[in-house]
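Take the given structure of chain A and dock chain B to it, following the hints.
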Amino acid sequence: MKIARSRAGYPAIFFFTVLIAALLSVSCAKKEDRIGIFVYNETDPFMQVFTSQILAAAQGSFNTKVFYADNSQLIQNEQIEKMLAERPALMMINPVDRLGSFAIIRKMKAANIPVIFFNREPLVQDLALWDKTYYVGARAAQSGQMQAELVMALFGGDSARLNQYDKNHDGKIQTIILKGEQGHQDAETRTSEVLRSFESRNFHIEVLAMEVANWAHDEAYTKMGRLLGKYQNKIELIISNNDDMALGAIAQMRQMGVFRDTNGNGRIDRFDTNWIPVVGIDGLQEAEASISEGYLYGTVKNDSLSMAKTMIELANAILGHTDFSRLSVPLKDGKYIWIDYKPYVSRY
Amino acid sequence: MSIGMNIFVMTLVIVSAILMLTSVVFLAVFSNLIDDSVETQANEINKQIVMNFEGYINSVIETANYIQFASINMDVGKDSAALDELYRMNTEIKKDVVAIFLFDSAGRRLAGPAIDFSLGGNVGKCAWFKSAQKLTEIYNFSTEQGSSIADAKDEQVVSVSKSVDFIQNGRETNGVLLIELNYDALTSLAKKTNLGEYGHLLILNDQGKLLYSSEPDPSPMTALSAPIASEIFLGSRKATLNRTDMFINVNTLIQTRWLIATVSNINEIKNAMNRIAFILLVIFFIAIGISALVAGLISLRVSQPINQLKKAMLTIEGGDFSAPIKVSGQKEIVALAHSFDSMVRKVQELMSSLVSQQREKRKMELQVLQNQINPHFLYNTLDSIVWLAEHHRNKDVITTVVSLAHFFRISISKGEIFIPVEDEIFHVQSYLTIQSIRYMNKFSYTVNIDENLKKLRVMKLILQPLVENAIYHGIGDEEGEIDISGTIEGDFLVFRVRNSGYGITESTIREMYDTMHGGHDRPSIGIRNVYQRLKLYYGDQADIAVSSVQDESTTVTLFIPKEIQAEEQL
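So the protein sequences, as listed, match chains A and B. Each step along the first sequence adds one to the number in the working numbering, with nothing skipped, and position 95 is 95. Each step along the second sequence adds one to the number in the working numbering, with nothing skipped, and position 411 is 411.
Treat the hints as calculated values from the structure; they're not laboratory data. Please read these numbers as outputs of a predicted model, since none were measured by experiment. Be aware that one or more of the hints could be misleading.
[What the hints assert, rightly or not] Computed list of lysine-lysine pairs in BS3-like fashion (alpha-carbon distance at most 30 Å, straight line):
(1) A:LYS109 <-> A:LYS132
(2) A:LYS234 <-> B:LYS78
(3) A:LYS82 <-> B:LYS47
(4) B:LYS562 <-> A:LYS65
(5) B:LYS134 <-> A:LYS335
(6) B:LYS209 <-> A:LYS82
(7) A:LYS109 <-> B:LYS130
(8) B:LYS209 <-> B:LYS153
(9) A:LYS132 <-> B:LYS209
(10) B:LYS414 <-> B:LYS361
(11) B:LYS191 <-> A:LYS82
(12) A:LYS132 <-> B:LYS134
(13) B:LYS130 <-> A:LYS335
(14) B:LYS78 <-> A:LYS172
(15) B:LYS47 <-> A:LYS132
(16) B:LYS326 <-> B:LYS311
(17) A:LYS309 <-> A:LYS82
Pulled out of the complex, with its shape left as it was, chain A reads as follows:
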């Protein structure tokens, strides 16, 4: 009886062994390292594009899961904790509060899950807490410098002999600065860097007004109305901390009739006499469109595509799939990958 039963059992055991082996092999073949991606806010258009670029780059090599924190560090903390329970291979975090990153890093260290921060840089001292924390981003300072370079090129490149864009020929550039957010690190850095770059090349900038428009199109639009009324024809340059505010300002300027085809070439461009150069940062699609239409002079592109690709390369290197030496952008100080901004102006 016993013998008979155990004999009858063999086919069943064999069957299950094959089944389990098949399942295992399928799951092995399909197994991709899981990555949690945490974005500070879903409504930020730049972050929307950036996130989709990361997901596209991750396609095929990682199993990704995206969380949007609705601009609350509390929600992000909660999301990170939830994701930690699923033991992902790695996390990519765009922190809401850069100062809160120390807690996240300690948490990751305890769980031994490497983390790549992106687009908002934690404090140096916090990143130093653990060797498996990385940062991928652009230097805010560089964006300011490039903005200044674009402007200086437009004005002839020689501080002693400014060209026709110095409308009143006083050797100074009368400027309005649209600041992102008072106290915001990027706003402060971009503003101070653009001014410092002009200074270092002896370009004389006269700041007619510095207006805080909180990164927003509509706020810039409103504030620009007042500024145009106040300074009328004095304005020779508008520097904006981002594209959105620059586009807001342009919308107001168009409405107030600043842009006119004075030379009759059938289009708006920098050769029109009353044209005022506006420069932004970020390289939004709308900004590119505005540049091709001739309104916006130029922007400094935050190269999110390169960042996204580099982040995935870095993730592969951290997880041992490739070597760090094969990264398309070299790792600095063992932690940082800096992606250069790209200047973008019209062809004319």
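Same frame as chain A, but now just chain B:
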């Protein structure tokens, strides 16, 4: 195990197993739900508190930003009065702000109220000042200063310091902005929330060091919760502090590099859980009790009639058919009992009719046996009467005829089967009288009957065949003797018929017994007739014994049980 016990035990086992399973599953699911909701609730409370703090911190940052923004185009040197006014106004507008200062990089006061004299020129050595210079891009929150550095104020403060750029006398320079916040205003945010008994709020710095606890002094819980909060650092955990269940939730506080830990009491929920478990237990036992009762009743209802039936059956098995079968309870079994009862009654009827049939049959048999009186005796007697008459022995004729008359009268006895012993003796004597005349006094006889015996009744015609036998076998050439006796010996009436003579051999005695027990017909058909009649009526105890002394005598003894008396039973 009896059927009743089986039903009882099985019902209980099934009911308690189901109840147990249900209770355990319910408790498990419920406690899971409770745990989840406790966690969610604690998280929500923590978030709410942190959001309150965030709102407060953001408003402070906004003030700081506003001050910077408003003074963006001011020259600290030239517009110092306007700057002082801006600071003073903001201090007044925001009631939580104790004082606002601007210091140059060496710690000299550029704007704000007068500084505490004792601090003098040592502002540069303050912790908040050094951290602002070290971490230039952020607002530094610190509690280390204690009381306000303003001369006119001494309330406890939180120092918010930041490195700022400004223009002093046309030259761009760098210094430290300090905003002092009322410590109580900040911590009062913590007191608005109900975290349950012993629940409290902790603020830790980025090193996990305790900055503040909302627990009133002395704070026994804080000593336990602070290390745990510092260990969690970010996230949540359940912990038991001083035998109280607490849920500890740690979050970062925006802009400050501080951690806020809420320690909420979840003991009450656990108590509720215990109460539910207790209620379940009570329900469990009540249900068990009720089902035990019901199971017991059902099992009794089923098993009691069965047991009654069983008992009745045992009684009947013991031979007592008379007891009525009384069964009550489950109707099927009652019906069964009824059927059984009617069957028993039927059997009883059948048996009694069988008994009466048997009795009739026995009566018939007895009568048949009693009628087997040797007819030769009548012929012989009539011959001897004729012979006596021819010889003119009238007296003997008379005696013989009278005796014969007696003999037959008693033989018939009005058809009765049982007659008094004295009648039986008289019958034998009549016979002996006839025979002694016929055999011309070739034998003598004696009759000795116990007086007590005479009135008792015995089956009739039991002695005559034995006497007949004694005459035929015992009378030879010499004059014989026949002794008849009747006594009571113990439980028996004993009748002996002894005759003198040569006696008989053992083998003859054996032959006689064989004959009595139904063997061949010869030689003692008379004894067999008596024996069979005795057995028929008196049963096994009645017996006939034959004994003999060689060359002397032969004795046949009848044993009749005294108990079974002739009460016209047949």
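Hints versus structure:
This hinted pair checks out: LYS109 of chain A and LYS132 of chain A have alpha carbons roughly 8 Å apart, not beyond 30 Å. At roughly 27 Å between alpha-carbon atoms, LYS234 of chain A and LYS78 of chain B fall within 30 Å of each other, so this suggested pair holds. About 15 Å separates the Cα atoms of LYS82 of chain A and LYS47 of chain B, which keeps this hinted pair within 30 Å; it holds. For the suggested pair LYS562 of chain B and LYS65 of chain A, the alpha carbons sit about 116 Å apart, so the restraint of at most 30 Å is broken.
Proximity of LYS134 of chain B to LYS335 of chain A is assessed by CA-CA distance (about 21 Å); at most 30 Å being required, the pair is judged to hold. Using a Cα cut-off of 30 Å, the hinted pair LYS209 of chain B and LYS82 of chain A holds, with the two alpha carbons roughly 26 Å apart. Taking the CA atoms of LYS109 of chain A and LYS130 of chain B, the gap is about 29 Å. The hint holds against a cut of 30 Å. Of the pairs offered as hints, the one joining LYS209 of chain B and LYS153 of chain B holds, with about 28 Å between alpha carbons and a cut-off of 30 Å not exceeded.
With a C-alpha separation of about 25 Å, the suggested pair LYS132 of chain A and LYS209 of chain B falls inside the 30 Å cut-off, and the hint holds. With a C-alpha separation of about 20 Å, the suggested pair LYS414 of chain B and LYS361 of chain B falls inside the 30 Å cut-off, and the hint holds. Taken as a hint, the LYS191 of chain B and LYS82 of chain A pair is honoured in the structure, with Cα atoms around 29 Å apart against an allowance of 30 Å. A threshold of 30 Å between alpha carbons decides the hint, and for LYS132 of chain A with LYS134 of chain B the separation of about 25 Å falls inside it, so the pair holds.
A distance of roughly 27 Å separates the Cα atoms of LYS130 of chain B and LYS335 of chain A; the hinted pair therefore holds under the 30 Å criterion. Taking the CA atoms of LYS78 of chain B and LYS172 of chain A, the gap is about 25 Å. The hint holds against a cut of 30 Å. With a C-alpha separation of about 29 Å, the suggested pair LYS47 of chain B and LYS132 of chain A falls inside the 30 Å cut-off, and the hint holds. The straight-line distance between the Cα atoms of LYS326 of chain B and LYS311 of chain B is roughly 10 Å, inside the 30 Å bound, and the hint therefore holds.
In summary, the hint linking LYS309 of chain A to LYS82 of chain A is supported, as the alpha carbons are separated by about 26 Å, within the 30 Å threshold.
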